[in-house]
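Undergrad: Letter by letter, the chains look like this.
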Amino acid sequence: MRISFHLRQHGWAYVFIAPALVFYSVFVLGPLAKTVQISFYEWDGITAATAVGLDNYVRAVSDVQIIESLGHSLVFFFFYALLPIVIGLLFTGVFARTQIRGLTFFRAILFLPQILSTVVVAVAWRWIYDLDGPLNALLELVGLGDYSRAWLGDFSTALPSVGLIGTWVMYGLCMVLFIAGIQKIPREIYEAARMDGAGMFREFMTVTLPGIRGEIMFAMIFTVTVALRNFDIVWNTTSGGPGDSTKVPSIFIYQAAFITRDIGLSAAIGVLLTLLILSVTGIIIATMRERD
Amino acid sequence: MNKIPRSKPLVVGGAIIGIVGLLTGCAPPGTGGSDTTTQFSAIDAPVTVDDVAELGDVTLKVWADSGEKATLEDYVPAFEKKYPNVTVEVTLKSFDDLVKTVVNAMDSKDAPDLAQGNQGYAVDGTLVKAKLIRPLDDVAKAYGWEEIYSPYSLNQFRWLDDGTKWGEGTLYGNSPVTQYVGVFENKSLLEQANVPIPVSFDEMEESLPKIKAAGITPIVFGNSDKQPAMHLFGSLAGRCQSADVVNDWVAGAEGATFVNECNTQAAQTIVDWVKAGYVSDGFNGVSMDDAANRFAQGDGAYYIGGDWLLPQISAVGGNFGFTTLTGDNGKRVSTGSSSVGWHISSKSEVTPAAIAFLGGIHDPSYSQKLADQNRVPMADASATSSDQLMAEDIAASALLLGDNGQTAYLDWATDTMYDVFGSGLQELMAEKITPEQFVEIVQADWEAFQAE
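Chains A and B supply the protein sequences, listed in that same order. For the first sequence, this note's numbering begins at 1 and goes up steadily by one. For the second sequence, this note's numbering begins at 1 and goes up steadily by one.
Source of the hints: derived by calculation from the structure; they are not laboratory data. These figures come from a predicted structure and were not determined experimentally. It is possible that part of the hints are untrue.
[As the list claims (entries may be wrong)] Using 20 Å as the maximum straight-line C-alpha spacing, the simulated SDA-like pairs for lysine to any residue come out as follows:
(1) B:432 <-> A:149
(2) B:129 <-> A:45
(3) A:34 <-> A:55
(4) B:432 <-> A:239
(5) B:129 <-> A:51
(6) B:275 <-> A:148
Start from the sequences, fold in the hints, and give me the full structure.
TA: This is how it looks when you write it as structure tokens:
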């Protein structure tokens, strides 16, 4: 009785979401389910697979290199998520007070890194970081020539250097999100705060931040997922090198799938990474959610 | 935001579980491999024009590495003229794309009839194991390949029929050209440093401090893609051991070990050279191609690398030379291979045409054409090139092959060796691990693989 009533009330809604649901099931849920299935087999991609139970998962969590790569992903947390959000908030705090001319133009420019193909970004930054590239040239120009080096080839600077590329890609998105967010905050609240004697910082903390809470949550989810699953920027700049210093879990997924043809292991790492990302996202939503 | 009705999450959750259950209940992935060997009809004489004509109007689908462009542009029209009922359809792929897609392509319904693979367990090994390529022992016999091509050049395409062991067993492919690692010299810079052109590794090593003293970078090097260090190591490891020792280890011979004095010394030499400043700065951030270009622009005296870089170095123009250096016993040993191998699909319906294609390309009569295309042919020793650097390449190759000095690429040893060896060398050169630790790490990966 309840179900038929429910369908009568919302029947058309299901019809409208049906195409999207089908698309989603076929292209997202289906492959996901297949990946989970493959993770319980040892398979080279072509010949018959052998069932191995949880063997691939055991291998994945006991591989020192994979554990270390998780550590590198945590470093990316800082560069891909924390830094862009902080930069975004900083600028938003400034913009909230002032009237900016040509805001549309700036928004487009700031958003550009997001639209560029990551391969293009990687190639461009490899040139910037090159031994004979503009970054080193700039350092030499200002007299800091001693610091110039092959940024992506040095064991100590490779990871932060790749991280900064991520920061560059993500900060524009955060900024655009937050600026759009503050447009929603009624002017009256700002005026009221100002009348109560709030300075710039107070205003930011009590009016702006709470007002764009939803946008911050979205930015956190988006940037954190990118930080954890990023492959293309790392692969196209350093291929995980030098040594293992910039390896992240997604590189192991790629190597297992395409180079050593250990598809089962690749699937297992993928499933584990997915679970990790879902957990982190869950934590973010739980802590940042609007309390109704 | 509206409150989500209570039943909705249940419906969605149920749908997801349903789909997952449906797919998980499906058959395990992969096609069952049969225990029988690949069925094919063996030939006992070279394929004739009539044999091919019997096929009627057919298309021969060919997948090749982009390095074959010049060769195929020359060979295909001539082939189509000789066998007018055959249309050849060529797909060129970059090496990276090829090795990642060829196995799946050969497994598909529209598999190419002829495809290049890559030596090693990942590509060739999988093709053999999945019975996707046709054994070629009968073709080798009919076309006399065993007389024309050296044992090493054929053995690198030999596999046990289950794909578990490389280097012996049935022949599954072949290639008419060879590529190897040698030493490029900038003759002008050597003259400037007042150093003679070296013939042996000892002489080359002696020249390094003198070149450095003259203010010239001795060795131009770039290792961001991890391969060049492996080539460098392969060259140095050839100073003090025979090719057979190295190849036995790569093939997984019982009792073979990587932990020996020669390999440890080679690793030590690399570290010494880096410490002494004989190697160009910041090499971990420079790619193989970029380093070759810098060498071509005159950045340093030597470049130790593969002769496949010769065209781009030669194109810049300059007073360059190319050679293989002799080792401790006066012999030349260096990493090299027959490029990538040609394979015939076991599912091909135009096999006679495919065999005729391979027969022609591997015939000594085609060698001079290959040399003209700036490749080093093996079938005919008298092939020459008018390009001076290319001529040195061919001459050096003859010396190397004459000394039976080609060693397999060390990363063919196991399916994970490329990364283990490559990353290991990067850490060695950054002095994060010692030479002793390096050879142990390599041997550990080898032993783990042999145990599988």
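Undergrad: Next step is simple, just say for each hint if it's right about the structure.
TA: Status of each hint after checking the structure:
Only pairs whose Cα atoms come within 20 Å are accepted, and residue 432 of chain B paired with residue 149 of chain A is accepted, the gap being roughly 18 Å. Under the criterion of a C-alpha separation no larger than 20 Å, the hint pairing residue 129 of chain B with residue 45 of chain A is consistent with the structure, at around 11 Å. For the hint linking residue 34 of chain A to residue 55 of chain A, the alpha-carbon distance of about 17 Å falls within 20 Å, and the restraint holds. Taking the CA atoms of residue 432 of chain B and residue 239 of chain A, the gap is near 19 Å; set against the 20 Å cutoff, the hint holds.
Straight-line distance between C-alpha atoms of residue 129 of chain B and residue 51 of chain A comes to about 18 Å, which keeps the hinted pair within the 20 Å bound. Among the hinted pairs, residue 275 of chain B with residue 148 of chain A is consistent with the structure: their alpha-carbon atoms are about 19 Å apart, no more than 20 Å.
Of the numbered hints stated above, none is contradicted by the structure.
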